[in-house]
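Novice: If you're matching them up, the sequences are chains A and B in order.
For the numbering used here, count along the first sequence from 1 and bump the result up by 7.
For the numbering used here, count along the second sequence from 1 and bump the result up by 184.
A portion of the hints provided could be inaccurate.
What the hints assert, rightly or not - Computed cross-link-like contacts, DSS-like style, restricted to lysine-lysine with a CA-CA straight-line distance of at most 30 Å:
#1 A:K92 x B:K311
#2 A:K154 x B:K311
#3 A:K154 x A:K92
Think of the hints as simulated: they come from the structure by calculation, not from any bench.
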Amino acid sequence: MSSPTLAGSLCLYVGGRLAPSREHWRALGSRVIEVGAVLYVTGIEMEGEPVDREVALPALRGLEYVRAYRREVEFDVRGLARAVKRSTEDPDGAFALALENLGHRLRGYVNALLDHDEWVVRRFSRDVLEALRDARGLSPAVAEALKVVERSGEDRSEWHVSSVLESLLRWLPFP
Amino acid sequence: MHVTVWTVLAMVCMVLAAISLVTGLLLERRIEATTWFTVADLLVCAAAIYVALNGGQFSELLPTWGLAFAILAALGHITYTWIRSTLWLLLGWLRGHGGGQEADISRPSRAGALLTRALERVGVEGKVDRGDVEAARRVVEVCRRWGWE
Chain A
8 MSSPTLAGSL CLYVGGRLAP SREHWRALGS RVIEVGAVLY VTGIEMEGEP VDREVALPAL
68 RGLEYVRAYR REVEFDVRGL ARAVKRSTED PDGAFALALE NLGHRLRGYV NALLDHDEWV
128 VRRFSRDVLE ALRDARGLSP AVAEALKVVE RSGEDRSEWH VSSVLESLLR WLPFP
Chain B
185 MHVTVWTVLA MVCMVLAAIS LVTGLLLERR IEATTWFTVA DLLVCAAAIY VALNGGQFSE
245 LLPTWGLAFA ILAALGHITY TWIRSTLWLL LGWLRGHGGG QEADISRPSR AGALLTRALE
305 RVGVEGKVDR GDVEAARRVV EVCRRWGWE
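Looking at chain A on its own, in the form it has when it is part of the complex (with noise of 0.2 Å):
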C-alpha cells in the first residue's frame, strides 16, 4: 500500500487537522495539505479504478477542517471534497471534477506528476507515508487516520455472523 492517493489523504488529514492553528497553518498545514490535494487528485488518474472508502475517508475529514475553520487554500474546498466523493465510485469524473476545483498553481503540479514517470510519484509517495509512519507514535493524527485506512484491505464478507458474535463473546462475561 503505497499508492498517491493513500499519501494524498493522510497528507489531507494530518494538514486539515493543524487548521485550529493560524500560525501553524500558514508555516505546515496549508502546505501539507496542498501537497495531500495534489497527490490525491495525481492518485485518482494513475490508478484509474475507484478508491477505498476508508482511503478517501481521512481526506474528506481533513477538508472537513479546512473548510469548518475557513482557511484558505488554492483550491475550492467543497468542490474537491465532492470530488473525493466521487472517487470511489467514478475516478474520471471524480478526475475532471478534481481538476476544475483546484486552482491554476496546484493543477500545474498535478500536471507534472502526471507528465513524470509513474515509479518516480510512487517513490514519492512512498517516502511521504514512511514519514508519515514513522510519526505515528507521536501524531494522534497519523495514527487515527492509519487505523482507518489499514481497514480498507480487511475482508469484510465474514462480518455478518462471526464478527458479531465475537464482538458479543467480547462484551459478555464469559470465560
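Following the hints, complete the assembly by docking chain B onto the known chain A.
Specialist: Chain B only, in chain A's frame:
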C-alpha cells in the same frame, strides 16, 4: 455552622463552576459531558446552600412543573439517542460494514471552530497537537528533499 461560612462555600461552588466552564472552553475548546456534570453538581450545591440559608427545604428547588419538564426532556433524549444508535448500527450492518466503523476518525466541531476563529481576533491562538505539527513538518521535509518547495 455560621451563616457566613455557608455563604462563602456557596460562592466557592459558583466560582469553581465558572472556572470549569471557562477552562473547558478555552483549553479544550469544547465542553465535555464531565464538565457539564461538574458544573451542574457545583450549581446544585450552591443552590442547596442558598435554600438552606433561607430556612427552606431542598425539595423546594424542584417545583412540579420543573420536575415534569426534566423527566420529559430526559425521556426524549434517551429515546432519541437509542433510536439513532440502533439505526446507525443496523444501517452500517446492512451496508456490509460494521455499524459506526467510520466514526472513529474525528470530525471538526463546528462550534469549536467558530469559537477559535472568534478568539483569534483577540489574539488567542487555537491549539493543535505537537505531534501532528511534527508529522506535518516531516512531510514538508520530504517534499523539500524532493525539490518541491
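Novice: Now tell me if each hint is right for this structure.
Specialist: Here is what the structure says about each hint:
Simply put, K92 (chain A) and K311 (chain B) have alpha-carbon atoms about 29 Å apart, close enough for the 30 Å limit, and the pair holds. About 23 Å separates the Cα atoms of K154 (chain A) and K311 (chain B), which keeps this hinted pair within 30 Å; it holds. Taking the CA atoms of K154 (chain A) and K92 (chain A), the gap is about 20 Å. The hint holds against a cut of 30 Å.
Going down the numbered hints, you'll see the structure goes against none, and every one checks out.
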